[in-house]
Amino acid sequence: MTTFLSREPIRKALVALFEADGSWKLTFGYIPRGDEIKSNTPFLFVTSAGTQQTMSGTHLNPASYSFNIMSASLMASTDGSWTESDAEDMVDTLDQTVRQIIRDNTGSLGNGVVMTMEDTLSQLISIYFGSNKYWVEQRRVNVSDLGS
Amino acid sequence: MTTFNCLGNAIYSTTRPPAFDVNELRGDPVTHLTNVEFVSVMPVDPTKNYLSIRDPVQAMSAELYEAYTESQVHTDGGVEVDQLPDIQAGDYVVDESAVSYTIRRINRWTATSATKAYLRLILEASK
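Sequence order for the protein chains is A and B. Position one of the first sequence corresponds to residue 350 (the numbering used here), numbered consecutively onward. Position one of the second sequence corresponds to residue 31 (the numbering used here), numbered consecutively onward.
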């Protein structure tokens, strides 16, 4: 009998990695509300993005869990102290940080769980949280359960 | 208040986002103005709810509110002043029950022979 893992502890372990780094003012394991963000920037949240599992005959192959790593930087402040140019620089800095954290922690989630980057492609989208507009870089990572 | 003294008024405070720190991080808003009298926050006429932005998750527009305030004695950064309150978009209005509203937009009227300078604030509920 195979016991399936839940994505929940893996998602929370991912959040803990980014929180420990300290490059984001706030981190979440879900999509935060605007009133949770208020004026905080940058912030990061991790959301689940699906599970892949195949079977070969009666053999269950290792599962792969996908997550979105969403790194958000304020687009511009109303007082002009933070500009669109600053946001672009911050997005690039945090992109490097995200990739470095994933690289440095690959294989370290424990219990046969291995984190890998799905590919090198990420995408930038702009999202309002409350009344503030943020540049959000979305990166997909896969976490594989190699089984025990 | 003189101009609005026939309407229901209440005392509010405002908070403002802090400066960015050396690591370019910015935290929660901090107290800026206290003891500011407003014509009480009230819903904007829904037919004029043109500023509203859809919530990406719920796909619903947030309720917008409006409030008015005018030149008056109040506390700005711990100092008592008699002037038009220093309020800007991005600040928060906080009522006596700690309910917070994000200031989305400000319309400013200059003083006339009949009225003091005053502000119309467009607010969004922020919990």
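Worth flagging that the hints you see were computed from the coordinates, not collected in a lab. Owing to the predicted nature of the structure, the values given are computational and were not obtained by experimental measurement. Some hints could be false.
Stated by the list, open to error - The calculated EDC-like cross-link candidates involving lysine to aspartate or glutamate, where the alpha carbons are at most 20 Å apart (straight line), are:
| hint | chain 1 | residue 1 | chain 2 | residue 2 |
| --- | --- | --- | --- | --- |
| 1 | A | K482 | B | D58 |
| 2 | A | K482 | B | E126 |
| 3 | A | K361 | B | D112 |
| 4 | A | K361 | B | E93 |
| 5 | A | K482 | A | E385 |
| 6 | A | K374 | B | E93 |
| 7 | A | K482 | B | E93 |
As the list claims (entries may be wrong) - One-sided and incomplete, this derived list gives chain B residues near chain A with beta-carbon spacing under 7 Å:
| hint | residue |
| --- | --- |
| 8 | G57 |
| 9 | G107 |
| 10 | Q118 |
| 11 | S156 |
Using N, Cα and C, we set each Cβ at its ideal position, and we do this for glycine too.
Cross-check of the supplied hints:
1. A:K482 / B:D58: Holds: A:K482 and B:D58 sit about 16 Å apart, inside 20 Å.
2. A:K482 / B:E126: violated, 28 Å
3. A:K361 / B:D112: It is violated: about 51 Å lies between the C-alpha atoms, which goes past 20 Å.
4. A:K361 / B:E93: violated, 33 Å
5. A:K482 / A:E385: holds, 14 Å
6. A:K374 / B:E93: violated, 28 Å
7. A:K482 / B:E93: Holds, at roughly 18 Å.
8. G57: Holds. Min distance 6 Å.
9. G107: violated, 15 Å
10. Q118: Because about 6 Å separates B:Q118 from the closest Cβ in chain A, which is inside the 7 Å limit, the hint holds.
11. S156: holds, 5 Å
The structure does not agree with the numbered hints 2, 3, 4, 6 and 9 stated previously, though it agrees with the rest.
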